[in-house]
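Engineer: Chain by chain, the residues run as shown.
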Amino acid sequence: MAEVIGQGLMLVGALFIFLAALGVVRMPDLFMRMHANTKSGTLGIGFIMLGAAFCFSDSTATLRAVAVILFMLLTAPISSHLLARAAYFSGIPLWEKTLSDDLRGQYDMVTHGLPGGHDAEAQGAVPSRDVK
Amino acid sequence: MIFVILFTLMIAAMLLALVRLILGPSLPDRVVALDLIAVSAVGMTGIYAVFTDQPIYLDEAMVLALIAFLGTSAYAHFIEKGGVPWRKS
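In order, the protein sequence lines correspond to chains A and B.
According to numbering that gives the first Met the number 0, the first sequence holds residues 0 to 131 in order.
According to numbering that gives the first Met the number 0, the second sequence holds residues 0 to 88 in order.
None of these hints come from the bench; they were simulated from the model.
Ideal Cβ placement from N, Cα and C applies to all residues, glycine included.
Please note: incorrect hints may appear among the correct ones.
Label pairs and their computed distance ranges (CB to CB) [claimed, not checked]:
id, chain 1, residue 1, chain 2, residue 2, range
1, A, 109, B, 3, 52 to 58 Å
2, B, 51, A, 107, 24 to 30 Å
3, A, 104, B, 62, 41 to 47 Å
4, B, 50, A, 109, 51 to 57 Å
5, B, 22, A, 38, 19 to 25 Å
6, A, 3, B, 22, 37 to 43 Å
7, A, 73, B, 4, 27 to 33 Å
8, B, 80, A, 93, 18 to 24 Å
9, A, 114, B, 70, 28 to 34 Å
10, B, 58, A, 102, 38 to 44 Å
11, B, 4, A, 111, 44 to 50 Å
12, B, 77, A, 112, 17 to 23 Å
Given these sequences and hints, build the entire structure.
Structural biologist: So, in structure tokens, the structure goes:
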């Protein structure tokens with residue numbers, strides 16, 4: 000019984016990774032491709048390792064599988080955020096049908112910082128809200 | 000039978016990522032494709048551990064995940080610090 004549940008979970012995970020690959024090929028924009036790609040890291044590996052833990056039904060194997068899941072849940076958002084931030088600074092063109100880009104003009108392109116709060120208003124980096 | 004389907008799905012994912020790796024118009028696209036290839040290698044190692052009934056392969060999956068994270072963040076640092084000027088499309 001545990002074998003069948005484990006193999007079903009692994010099938011779900013493999014399907015998630017396949018769909019992520021399909022999205023990486025088909026999506027028109029780098030950021031949409033990354034949006035599709037992050038499903039493979041968390042959901043795909045999560046389901047596959049959960050299925051492996053079900054199939055082994057052994058405490059050490061389960062511990063290793065859970066460690067892999069935790070590690071992927073911890074590192075996949077970090078690497079995706081780093082890559083998207085670097086790509087945005089590089090001036091990757093957005094899709095031509097993109098409706099809005101809230102970050103346009105907000106980043107300081109020299110220091111790669113995001114002005115905000117009272118310090119930036121005092122330095123005149125962003126226009127103050129209450130003073131016309 | 001189920002393992003044939005699983006390995007076919009993973010190999011298809013790797014081949015699709017290889018298409019993006021070759022076509023990708025910019026360097027971050029190629030890094031995304033490499034990340035997907037590494038992630039599908041991790042998943043394939045997990046499936047292979049169940050296929051051969053050897054739990055020791057789960058350790059290899061963990062190490063592979065660590066290497067993939069290090070590679071992606073190193074590429075992101077390289078791109079953010081200037082990188083190579085790729086052709087603008």
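Engineer: Next, verify each hint and record whether it holds.
Structural biologist: Now the hints, each set against the structure:
no.	hint	verdict
1	109/A - 3/B: 52 to 58 Å	54 Å, holds
2	51/B - 107/A: 24 to 30 Å	53 Å, violated
3	104/A - 62/B: 41 to 47 Å	43 Å, holds
4	50/B - 109/A: 51 to 57 Å	52 Å, holds
5	22/B - 38/A: 19 to 25 Å	21 Å, holds
6	3/A - 22/B: 37 to 43 Å	39 Å, holds
7	73/A - 4/B: 27 to 33 Å	30 Å, holds
8	80/B - 93/A: 18 to 24 Å	22 Å, holds
9	114/A - 70/B: 28 to 34 Å	32 Å, holds
10	58/B - 102/A: 38 to 44 Å	40 Å, holds
11	4/B - 111/A: 44 to 50 Å	45 Å, holds
12	77/B - 112/A: 17 to 23 Å	20 Å, holds
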